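> The lines below spell out each chain.
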Amino acid sequence: MDNKTVNHIATLARIGIDPGEVDEYAADLSRILEFVAQMNAVDTADVAPLTHPRDRLLRMREDRVTEFDQRDEFQRVAPSVETGLYLVPRVIE
Amino acid sequence: MSTTELSSLARSLSGGAFSSVELTQSYLDRIAAAPELNTFITVDEAFSLAQARASDERRRRGEVLSPLDGIPIAHKDIFCTRGMLTTCGSHILDGFVSPYDATVIERFGNGGAVTLGKTNMDEFAMGSSGETSYYGVIRNPWDTSRVPGGSSAGSAAALAAGLCPAATGTDTGGSIRQPAAFCGVTGFKPSYGQVSRYGMIAFASSLDQGGPLARSARDAALMMDVMAGFDSRDATSVPQDQPDFSGALDNDLKGLRIGVPAEFFGAGLDEPIERAVRDALRVFEEMGAQIKEVSLPNSELCVPCYYVIAPSEASSNLSRFDGVRFGHRAKEYDDLVGMYMKTRAEGFGAEVKRRVMIGTFALSAGYYDAYYNKALKLRRLIAEDFDRAFAECDVLMGPTTPTTAFPIGDKTDDPIAMYLNDIFTIPVNLAGLPGLSMPAGLDPAGLPIGLQVIGRYFDDARVLNVAHQYQRRTEWHTRWPEGWPS
Numbered sequence: 001m002d003n004k005t006v007n008h009i010a011t012l013a014r015i016g017i018d019p020g021e022v023d024e025y026a027a028d029l030s031r032i033l034e035f036v037a038q039m040n041a042v043d044t045a046d047v048a049p050l051t052h053p054r055d056r057l058l059r060m061r062e063d064r065v066t067e068f069d070q071r072d073e074f075q076r077v078a079p080s081v082e083t084g085l086y087l088v089p090r091v092i093e
Numbered sequence: 094m095s096t097t098e099l100s101s102l103a104r105s106l107s108g109g110a111f112s113s114v115e116l117t118q119s120y121l122d123r124i125a126a127a128p129e130l131n132t133f134i135t136v137d138e139a140f141s142l143a144q145a146r147a148s149d150e151r152r153r154r155g156e157v158l159s160p161l162d163g164i165p166i167a168h169k170d171i172f173c174t175r176g177m178l179t180t181c182g183s184h185i186l187d188g189f190v191s192p193y194d195a196t197v198i199e200r201f202g203n204g205g206a207v208t209l210g211k212t213n214m215d216e217f218a219m220g221s222s223g224e225t226s227y228y229g230v231i232r233n234p235w236d237t238s239r240v241p242g243g244s245s246a247g248s249a250a251a252l253a254a255g256l257c258p259a260a261t262g263t264d265t266g267g268s269i270r271q272p273a274a275f276c277g278v279t280g281f282k283p284s285y286g287q288v289s290r291y292g293m294i295a296f297a298s299s300l301d302q303g304g305p306l307a308r309s310a311r312d313a314a315l316m317m318d319v320m321a322g323f324d325s326r327d328a329t330s331v332p333q334d335q336p337d338f339s340g341a342l343d344n345d346l347k348g349l350r351i352g353v354p355a356e357f358f359g360a361g362l363d364e365p366i367e368r369a370v371r372d373a374l375r376v377f378e379e380m381g382a383q384i385k386e387v388s389l390p391n392s393e394l395c396v397p398c399y400y401v402i403a404p405s406e407a408s409s410n411l412s413r414f415d416g417v418r419f420g421h422r423a424k425e426y427d428d429l430v431g432m433y434m435k436t437r438a439e440g441f442g443a444e445v446k447r448r449v450m451i452g453t454f455a456l457s458a459g460y461y462d463a464y465y466n467k468a469l470k471l472r473r474l475i476a477e478d479f480d481r482a483f484a485e486c487d488v489l490m491g492p493t494t495p496t497t498a499f500p501i502g503d504k505t506d507d508p509i510a511m512y513l514n515d516i517f518t519i520p521v522n523l524a525g526l527p528g529l530s531m532p533a534g535l536d537p538a539g540l541p542i543g544l545q546v547i548g549r550y551f552d553d554a555r556v557l558n559v560a561h562q563y564q565r566r567t568e569w570h571t572r573w574p575e576g577w578p579s
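Chain order of the listed sequences is A and B.
Position one of the first sequence corresponds to residue 1 (this note's numbering), numbered consecutively onward.
Position one of the second sequence corresponds to residue 94 (this note's numbering), numbered consecutively onward.
In case anyone wonders, no lab produced these hints; they're calculated from the structure.
Note that the structure is a prediction, hence the values are computed from the model and not measured.
Careful: at least some of the hints might be erroneous.
The calculated lysine-lysine pairs, modelled on DSS-like cross-linking and capped at a C-alpha distance of 30 Å, are [what the hints assert, rightly or not]:
#	chain 1	residue 1	chain 2	residue 2
1	B	K385	B	K347
2	B	K385	A	K4
3	B	K347	A	K4
4	A	K4	B	K424
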């Protein structure tokens, strides 16, 4: 993984990394990718991906309201709220 | 008052030998006297003692809720607890007090158990050594220069040192069984879907499963009776009648077919561990079980497969930690994306960042098929290996770990060496099966060795039954680390 890819992935992952850390990330992540590339030893062309450990379908439930209003309680642990709204930096000018 | 099995503590409580307040206080005192192990992140004496008092009052009124009423249980700090901090071992959850209880916490509460505190753990359960917590390194009471294993490190170490009579943990790739092996206790990872994941902070949702760490399989069964069962709030919870794990403990093992996967005894397995496992197999033979060699041909690919699937799921699950709704937020930033990036850079530790980055890469455009989809296909082959093995046997047995507890700092610079600790435990999560580790010997340095028992899907009760029968005939699970009062 080159430095350009590291910076791209860091942006996708929303993790800020210092320019000084990029080389180390590139080396670390490359080693891990090299390690997981062992997977290619097996031909899986005719194998269907297993997305749930037991191939179970998720349960369906009735379409009815199960949540009740707990806004105040949820917002009590937020870093910044005002009049029931979460505050973040301005997104729309 | 000595630490002992839950059933005996329950008898003492009902016989009036001591009260829940006295019992709880004695554990709180032990915790306070063992700061060097660093096993707890949060202990709230007033909170725990209030629950203990309520239990004592219930008992006086004759309203005992379950065999665990009044017994203090330590909870891994990954389970959300109303009224007590939940950190998941991470800086990013600074000051987070959950507005609700996880189902597991609620079930113990409904059974009258006392919450003894929240145990230290690898950050977001990502680690095999108890070294990645924001709250510092956790130590193994058998040798405090060594790791307790991870990620349920605090739960296992506290239990081994007698700081709690039982604890909860979670297991995504071995996080209950591996620390149980390193600390000489019994740890059980239930079948996927057996224990509710509601309120259990998600690491890799298709692999995560909560379970007990206890002094014996019998205690683990007692805890499972309380913590397992269907929960409509977890979409992957499997509808089932309330299971009776304790009820199956005494089943005879005559004729039990034990499969021993050849791949679990290859290069890299410490010789004393192999010897201990072979000795244990002989004990089962004496009980009338048949031993049969089986093969799990894709074993070698489990760790690479896991290190695509788990980080991919983690990269998605951990996107909720962005400084908006809870926890830490960076102080200075220019715009919204900058706030996310700085908050997460400050809030996550090195291993969590590494895995989120790997997972983001594996799911990114152009790489999805080569990594994530490839891993899902392999996962099917791995699960099918188990199906074939279970066609000719009832349980599988082998070592839990290739080595015993290693020195603190030994593998922190080498992520891959660290990942390979879980080589025997990861396959079980990939296939969604129940797995247990229990003490089966000590190595020449006096460190505990874990024997792993793997069961068929939803055959959890049999795994506990098999372990209990072994523990009836052996005494490895009763060994204590020197220097810690039993």
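> Are the Cα atoms of K4/A and K424/B separated by 30 Å or less?
It holds: about 28 Å lies between the C-alpha atoms, which stays within 30 Å.
> Taking 30 Å as the top limit, are the C-alpha atoms of K347/B and K4/A close enough?
Judged against 30 Å, a Cα distance of about 62 Å means the pair is violated.
> When you check the alpha-carbon spacing of K385/B and K4/A, does it fall within 30 Å?
At roughly 52 Å apart (the allowed maximum being 30 Å), K4/A and K385/B break the hint.
> Just to be careful, I want the Cα atoms of K385/B and K347/B compared with a cutoff of 30 Å; is the pair within it?
holds, 15 Å
When the structure is compared with the earlier hints, violations turn up for hints 2 and 3 and for no others.
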